[in-house]
Amino acid sequence: MASLARARSRFTRRSLFLVEPLTGCPKMRRNAEAETHVEKQWQGDGTTLSLEEIIIGRCYNYIRVVNPSVGEKNCSQIWEAFRDAFIFKDPCKVLPKDYEPFIRLTVHDVPLNKSLFWENSQLLVGRYADNTKRMMPLDGTLMGWLAQGLAWCGHPGGTGMNYKSCPTTDECEHNPVESFWRIASEAYAKLAAGVIHVMLNGSVSDGAYPVNGFFAKFELTNLIKDNILNIQIWVMDEIEGPDNESCGSKTIKLLETTLQEDGFQYTCTDNYKPVRLLQCVDFPTHHDCLCAQ
Amino acid sequence: MDANMAKTVIGVVALLVLMIEGFQADTGTTKNLQEIVIGRCYNYIRTINPSIGRNDCNDIWLRFLDAFLGKDPCDVPVRDYDQLFSTVQQTIPCNKVLLWSKTRDIVQSYSAVTHRFMTLDDTFIGYLFNALTWCGEKSKRELDYNSCPDWSTCENQPVASFWKKASEYFAESACGDVTVMLNGSIYNAFSNTSMLRSVEVQHLDPRKVNQVDIMVINSLRGPIRESCNSGSIVELIQILKHQGFRWTCTDNDKSLIILQCVRDPNHPSCKICNNSMRC
Chain A
0 MASLARARSR FTRRSLFLVE PLTGCPKMRR NAEAETHVEK QWQGDGTTLS
50 LEEIIIGRCY NYIRVVNPSV GEKNCSQIWE AFRDAFIFKD PCKVLPKDYE
100 PFIRLTVHDV PLNKSLFWEN SQLLVGRYAD NTKRMMPLDG TLMGWLAQGL
150 AWCGHPGGTG MNYKSCPTTD ECEHNPVESF WRIASEAYAK LAAGVIHVML
200 NGSVSDGAYP VNGFFAKFEL TNLIKDNILN IQIWVMDEIE GPDNESCGSK
250 TIKLLETTLQ EDGFQYTCTD NYKPVRLLQC VDFPTHHDCL CAQ
Chain B
0 MDANMAKTVI GVVALLVLMI EGFQADTGTT KNLQEIVIGR CYNYIRTINP
50 SIGRNDCNDI WLRFLDAFLG KDPCDVPVRD YDQLFSTVQQ TIPCNKVLLW
100 SKTRDIVQSY SAVTHRFMTL DDTFIGYLFN ALTWCGEKSK RELDYNSCPD
150 WSTCENQPVA SFWKKASEYF AESACGDVTV MLNGSIYNAF SNTSMLRSVE
200 VQHLDPRKVN QVDIMVINSL RGPIRESCNS GSIVELIQIL KHQGFRWTCT
250 DNDKSLIILQ CVRDPNHPSC KICNNSMRC
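These protein sequence lines are chains A and B, in that order.
First residue of the first sequence: 0, per numbering that gives the first Met the number 0; consecutive thereafter.
First residue of the second sequence: 0, per numbering that gives the first Met the number 0; consecutive thereafter.
Chain A on its own, in the form it takes in the complex (with noise of 0.2 Å):
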């Protein structure tokens, strides 16, 4: 679905320039808006039905179900603060930090050794965390559990809410979505401890390893140097997919670069074993699966 691809901002982003919407006098827009309620037309999917609803009901599930061990959260609160972030706003003025209040409602440990980072391995990522049992990425914390998968985005009109589109961040840079994401990302590394993963897709074409992406610039940047004993790089390449990137080159090589010079201990696995029966499981009798017996 284009909104959960969305939402991640991680696979449409290229440009990170903000542009200002062509749409003259702020004040003139809101007087207009006020009386006629028109919401602009954004080129990205509206803000989920029943928003509300859905956060608040995912925070319950998770601390009471998902995982009890991050304790007693006021999920009324919790859904305030993350409405507060950008209702009434004008969607392409929302920054990181407005976000604050939610992160520190929502924030709880991350155990150690179960730091998953990842680029262009969404759906491998989600199947190996197997919900938080084996792994703990970002998605399986508090904070991105609540907002996975979900778009949103308010305007300054009717009930402050856009239901009919939201702005991508080709349009703008500083939008609900993106903003949300970039806080979090940067507040789930400086939890990460012990031992840190990192799931990178050797099969695509233009980076593994995107210098602009996510993990680059909002993770790898804010990890505590202190707190990490040493970083697990797998190189996956999809089954049936080209062997594009391995350990040791192209834009692996510049990370292991990067870790080095960062002063990070750090190894780097082609086709992790584990996470490759993984995917063999849909595969089981291809050439690159198990030895036929």
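Treat the hints as calculated values from the structure; they're not laboratory data.
Predicted model only: the values in this text are computed from it and were never measured.
A few of these clues could be false.
Computed, partial: chain A to chain B, Cβ under 7 Å [what the hints assert, rightly or not]: (1) N60; (2) V64; (3) D281; (4) C290.
We treat Cβ as the ideally placed atom computed from N, Cα and C, and that holds for glycine.
Given chain A, put chain B in place with the hints provided.
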């Protein structure tokens, strides 16, 4: 401290321990049950499966409450959930139904990894109530958050009855090819007391179901106790034959071996072919 005082202290401590254990022994209704169920409902219809069709989340919640609220928690028979199940609208796709017994871990992993199958927990109604607990009290229109009776202590327990009804509904909805996963590493894989035997197999509809494919899974590290040719699994095959279903049975499906390998990658059955290795 004299003997009498010591006895009193011991008595009080014992009482405290009993009280604490009493609170923990039976779990009560899951806290924030309403927010969780309604939230899951909207999450399902808006994000997980928007093509599911019209469903009213508040209506579903109210019909759910009607089944057991105000009743003795040992007096909620299966049929009290009929209204709820007729309110929930979902068409179960053919050839995808997966029934199982004593293979929870592997079935849950498999279902999370591939969308080849649909278990009861993957249906809308199963998704709404999975891993939750609930019960009421006689003559009180309130959920009981303190304690709910254990399934084993009374037959018409609200959660037990719900899952029996859900299992009936799921089996009745199955069409095309149906898959059944059984655990070949235990005795009595197809047990009399299982939901599979006592409810689901009985409710498969011969007019809708083409064939039943049995998959027997063994733990990677064994043992092999039952198989397509031995033990209780043979009884399942006889029942299917008697009800007029076509059937197949396989031991050791490769996908399921690989799935177990994810947790035990160094097991000898888990060798992967790669470029550097000739098999």
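Status of the hints after comparison with the structure:
1. The criterion of a C-beta within 7 Å of any C-beta in chain B is met by A:N60, whose closest approach is roughly 5 Å, and the hint holds.
2. Interface hint status for A:V64: upheld, as the beta-carbon distance to the closest one in chain B is roughly 5 Å, under 7 Å.
3. Restraint check, A:D281 versus chain B: the minimum CB separation of about 6 Å is within 7 Å; hint holds.
4. Interface hint status for A:C290: upheld, as the beta-carbon distance to the closest one in chain B is roughly 4 Å, under 7 Å.
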